[in-house]
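Q: For reference, the chains in residue letters:
4 protein chains.
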Amino acid sequence: MKDTDMITDRDNALFEAGIKLGALYHQFTGSPVNLKTVKSLEMAIQESISVQPFARDITVSIDREAITSKVNGEFGYCELEGRMLDVRITICYKTIMADVSLAYDLELDYPLMKIDKVYSSNQS
Amino acid sequence: MKDTDMITDRDNALFEAGIKLGALYHQFTGSPVNLKTVKSLEMAIQESISVQPFARDITVSIDREAITSKVNGEFGYCELEGRMLDVRITICYKTIMADVSLAYDLELDYPLMKIDKVYSSNQS
Amino acid sequence: MKDTDMITDRDNALFEAGIKLGALYHQFTGSPVNLKTVKSLEMAIQESISVQPFARDITVSIDREAITSKVNGEFGYCELEGRMLDVRITICYKTIMADVSLAYDLELDYPLMKIDKVYSSNQS
Amino acid sequence: MKDTDMITDRDNALFEAGIKLGALYHQFTGSPVNLKTVKSLEMAIQESISVQPFARDITVSIDREAITSKVNGEFGYCELEGRMLDVRITICYKTIMADVSLAYDLELDYPLMKIDKVYSSNQS
Numbered sequence: 051m052k053d054t055d056m057i058t059d060r061d062n063a064l065f066e067a068g069i070k071l072g073a074l075y076h077q078f079t080g081s082p083v084n085l086k087t088v089k090s091l092e093m094a095i096q097e098s099i100s101v102q103p104f105a106r107d108i109t110v111s112i113d114r115e116a117i118t119s120k121v122n123g124e125f126g127y128c129e130l131e132g133r134m135l136d137v138r139i140t141i142c143y144k145t146i147m148a149d150v151s152l153a154y155d156l157e158l159d160y161p162l163m164k165i166d167k168v169y170s171s172n173q174s
Numbered sequence: 051m052k053d054t055d056m057i058t059d060r061d062n063a064l065f066e067a068g069i070k071l072g073a074l075y076h077q078f079t080g081s082p083v084n085l086k087t088v089k090s091l092e093m094a095i096q097e098s099i100s101v102q103p104f105a106r107d108i109t110v111s112i113d114r115e116a117i118t119s120k121v122n123g124e125f126g127y128c129e130l131e132g133r134m135l136d137v138r139i140t141i142c143y144k145t146i147m148a149d150v151s152l153a154y155d156l157e158l159d160y161p162l163m164k165i166d167k168v169y170s171s172n173q174s
Numbered sequence: 051m052k053d054t055d056m057i058t059d060r061d062n063a064l065f066e067a068g069i070k071l072g073a074l075y076h077q078f079t080g081s082p083v084n085l086k087t088v089k090s091l092e093m094a095i096q097e098s099i100s101v102q103p104f105a106r107d108i109t110v111s112i113d114r115e116a117i118t119s120k121v122n123g124e125f126g127y128c129e130l131e132g133r134m135l136d137v138r139i140t141i142c143y144k145t146i147m148a149d150v151s152l153a154y155d156l157e158l159d160y161p162l163m164k165i166d167k168v169y170s171s172n173q174s
Numbered sequence: 051m052k053d054t055d056m057i058t059d060r061d062n063a064l065f066e067a068g069i070k071l072g073a074l075y076h077q078f079t080g081s082p083v084n085l086k087t088v089k090s091l092e093m094a095i096q097e098s099i100s101v102q103p104f105a106r107d108i109t110v111s112i113d114r115e116a117i118t119s120k121v122n123g124e125f126g127y128c129e130l131e132g133r134m135l136d137v138r139i140t141i142c143y144k145t146i147m148a149d150v151s152l153a154y155d156l157e158l159d160y161p162l163m164k165i166d167k168v169y170s171s172n173q174s
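Going down the list, the sequences are from chains A, B, C and D.
Take 51 as the starting number for the first sequence in our numbering and just add one per residue.
Take 51 as the starting number for the second sequence in our numbering and just add one per residue.
Take 51 as the starting number for the third sequence in our numbering and just add one per residue.
Take 51 as the starting number for the fourth sequence in our numbering and just add one per residue.
Possibly wrong hints are sitting among the right ones.
As the list makes no split between identical chains, a pair holds if one copy fits it or if it spans any two.
As the list claims (entries may be wrong) - Distance condition first, Cα-Cα at most 16 Å in a straight line; then the derived EDC-like pairs of lysine to aspartate or glutamate:
(1) K164 <-> D136
(2) K164 <-> D55
(3) K164 <-> D59
(4) K167 <-> D59
(5) K89 <-> D107
(6) K167 <-> D113
(7) K120 <-> D55
(8) K167 <-> D55
(9) K86 <-> D155
(10) K167 <-> D149
(11) K144 <-> D155
(12) K89 <-> D59
Keep in mind that the hints were calculated from the coordinates and are not lab data.
Bound conformation, chain A alone:
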């Protein structure tokens, strides 16, 4: 067996980090929202994902300006879109911590998920 074949804590930390972002995105986008209700939606997303395995820390922020520009004039609400989300998650898997994020990438015109930092759970 080659070295590359061993699955490490680091591998699992990144894998778990991806799961949380994919889950969050596809569970909550589409939710009806407006400026009056955005706070409770942020809170619920944050708390919901925080109960999942290996999630150490999570902050969820929804772009108020994007909501304002998307709210339907007739009906007074819009749907939560991926590009409105700014999410930061820290995963701790045994010896390894991983910071990952979801944020709208203007250049790619895409809600981009990426790895920000990987480090030992001893340093932090």
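Chain A is fixed; fit chains B, C and D onto it per the hints.
A: Below, chains B, C and D alone, put in the same frame as chain A:
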């Protein structure tokens, strides 16, 4: 054109009521939840659906006992299931009010959506 | 008890119709899709909703032009949005049939759900 | 900067793998399904996730026995649950391939996502 073909406020009130329950159910079931986070999830569901057209009033209650019995021993959370939900919605469409609900029906073993009351928006 | 308080087959037909559209919308919007996969997504949505109570007939059509214009240049796919959907559902509740639809309303800039026709299940 | 801080292709492969499984799970669980429609749902899930970035290969299999045991006697369908899913995904991120899976773990009573193999994209 026969009388039956005319679409009434009452028809629309019931149609809108169904939309809200179907939307809520399929948007939010599957959300990770435990006893510490259930309150924020209830609040978010309630506020999210309240912004939709013709929704006058809504209360969402998630069954704590069902959560307790479903929480995974290893991981400390479960997913929101339809049968954990007790939802009451009042729709107001012009002259008509409709009270509808979603609640677990033990006999049918089914999260049942039903019409509870239809009445004039003048009486209420 | 006044006449208005009695819940009729017609009420239930419209209520059930609303449930199906709300369910479909919030279950499937957000699904990754492109022109190569749109057919299987249409089929799955159609068949999935067809198993629900009182659904007699359903057709689901996803707007290819909308997909083409939304597909991300870098990644080659987009998400299913409500405004890409054209859905026709016929509900049969005992004596009553109801035809309802979901289609993008250009003027309202909104994926509009509406009642198209209500009629006796004997005439059809 | 320490070695551990550099983000590698391997990190990204695992991160992307997790995203796909989390997304798939929370997008499609809850879908109404029975034995007649299970095939089209499998196909749609498979094709939908296949369009996402870095997804090289994916197979989705839904447990027919689990559906049979869960189908509601009165209504003839059930909802897709995570524990009904057996999913295998191969991610290719530049030089690295990762095989991951979602399958019901009987002992944990949990739909477990895990890393099966990580290897160079040259060997395969």
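Q: Indicate, hint by hint, whether the structure satisfies it.
A: Evaluated hints:
{"no.": "1", "hint": "K164 <-> D136", "result": "within (12 Å within a copy, 26 Å between copies)"}
{"no.": "2", "hint": "K164 <-> D55", "result": "between (24 Å within a copy, 14 Å between copies)"}
{"no.": "3", "hint": "K164 <-> D59", "result": "between (18 Å within a copy, 12 Å between copies)"}
{"no.": "4", "hint": "K167 <-> D59", "result": "both (15 Å within a copy, 14 Å between copies)"}
{"no.": "5", "hint": "K89 <-> D107", "result": "neither (18 Å within a copy, 19 Å between copies)"}
{"no.": "6", "hint": "K167 <-> D113", "result": "neither (24 Å within a copy, 38 Å between copies)"}
{"no.": "7", "hint": "K120 <-> D55", "result": "neither (47 Å within a copy, 36 Å between copies)"}
{"no.": "8", "hint": "K167 <-> D55", "result": "between (23 Å within a copy, 6 Å between copies)"}
{"no.": "9", "hint": "K86 <-> D155", "result": "neither (26 Å within a copy, 25 Å between copies)"}
{"no.": "10", "hint": "K167 <-> D149", "result": "within (5 Å within a copy, 23 Å between copies)"}
{"no.": "11", "hint": "K144 <-> D155", "result": "neither (31 Å within a copy, 21 Å between copies)"}
{"no.": "12", "hint": "K89 <-> D59", "result": "neither (35 Å within a copy, 33 Å between copies)"}
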